[in-house]
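> Letter by letter, the chains look like this.
Number of protein chains: 2
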Amino acid sequence: MDNKLVGYFSRIMPLSDEEKIAIAESMVVKNYKKGTVLLEEGKISTECYFVMEGCVRQYYIVDGEEVTNNFFTEEQFVVSHLSFSQKIPANHYFGCCEDCLLVIANEQKEKDLYQRFPKFETISRMVVVKEFGEQQAAMASYITDTPEQRYLKLLKTRPDLFQRIPQYQLASYIGVKPESLSRIRKRIYHKV
Amino acid sequence: MDNKLVGYFSRIMPLSDEEKIAIAESMVVKNYKKGTVLLEEGKISTECYFVMEGCVRQYYIVDGEEVTNNFFTEEQFVVSHLSFSQKIPANHYFGCCEDCLLVIANEQKEKDLYQRFPKFETISRMVVVKEFGEQQAAMASYITDTPEQRYLKLLKTRPDLFQRIPQYQLASYIGVKPESLSRIRKRIYHKV
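Line by line, the protein sequences give chains B and Y.
The first sequence runs 53 to 244 under the working numbering.
The second sequence runs 53 to 244 under the working numbering.
Hint data in this document are derived by calculation from the structure and do not stem from the laboratory.
A portion of the hints provided could be inaccurate.
[What the hints assert, rightly or not] Derived DSSO-like pairs (lysine-lysine); straight-line CA-CA distance at most 30 Å: (1) Y:72 to Y:182; (2) B:182 to Y:205; (3) B:56 to Y:139; (4) Y:182 to B:82; (5) Y:171 to B:72; (6) Y:139 to B:72; (7) B:182 to Y:139; (8) Y:238 to Y:205; (9) Y:86 to Y:56; (10) Y:182 to B:163; (11) Y:163 to B:161; (12) Y:161 to B:163; (13) B:205 to Y:182; (14) Y:182 to B:95.
Using the sequences and the accompanying hints, generate a full structural model.
Structural data, given as structure tokens:
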């Protein structure tokens, strides 16, 4: 069975055929056009997503300007944890910056799966711990790295983003103005 | 039974007496002197902590200077998720900024508890989701708020820190130099 989500879970913990089929059957997969807003600031998040194809951007609107905080691409989960788990309004947006094919989950689906297969509780915990760790690392980079270091890290860890994402959004993600990103790129290419 | 960790877990999910006793019995509680370093950059984290009393600070060393990222006080978990779960070297420090009374857990203890009481798997997942959500909010604040807004938020949500933590560490946590923190404080008190 060729299914990215099943594959992702099996890499965390071996699954029986029955479990693989249960995930695949319970999955709701949907296409979203580029530009679709999946979650708005002020709304309570009721869905989680897993990216099969495409790219979802997380951003804030600060003084009328978009500030990009994250890009979620193939095999990443898109979850607004505080809003989804505690049912409080989200403070950010999720928007599709490409045409996307996403798996959609909600609280009821999650509970059903845990009840049928308690192993998913373990898998789910391990996924959240993994993602939490990555978020801690991102926060660390934001605090301790210079914009140039963040640019170089991104180039190394997620080179695909440079083909997929407009410069001004990459600049915002790195935490600089577009002009500064151009300067950083020039500086780096002169060094190489 | 008066036990902060048992109390914390029961607020997430009701526990039987047997389960409460199991947690209490499996708990290792230890005193640490102010100044103790619990985790060093470059080391692999093998322990998680729950703060019964005291305050643990998370910090990075950047160009020889400490940059504070978090303070963990009573009823908070102290975990370096990426290092602990994936066994990679930590990129930060955990240090006791007060005398601390901490519950210590490790991977084996965690596994034993899950095996005896599968319910802890659920509780553990919910704890991690809650903490992840809080971390996402902290990251959002770091990206979208001005230092003055962060100062005011901190004053509102964690007023105790202002009594417990030296000014220069608070300044670092808010993301400014100590002089700027003084200026922010003056500005705010003039407004009030």
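> Hint by hint, note whether the structure agrees.
Right, here's what the structure says about each hint:
| no. | hint | in the structure |
| --- | --- | --- |
| 1 | Y:72 to Y:182 | holds, 21 Å |
| 2 | B:182 to Y:205 | holds, 28 Å |
| 3 | B:56 to Y:139 | holds, 25 Å |
| 4 | Y:182 to B:82 | holds, 28 Å |
| 5 | Y:171 to B:72 | holds, 23 Å |
| 6 | Y:139 to B:72 | holds, 28 Å |
| 7 | B:182 to Y:139 | holds, 11 Å |
| 8 | Y:238 to Y:205 | holds, 16 Å |
| 9 | Y:86 to Y:56 | holds, 21 Å |
| 10 | Y:182 to B:163 | holds, 17 Å |
| 11 | Y:163 to B:161 | holds, 26 Å |
| 12 | Y:161 to B:163 | holds, 26 Å |
| 13 | B:205 to Y:182 | holds, 28 Å |
| 14 | Y:182 to B:95 | holds, 18 Å |
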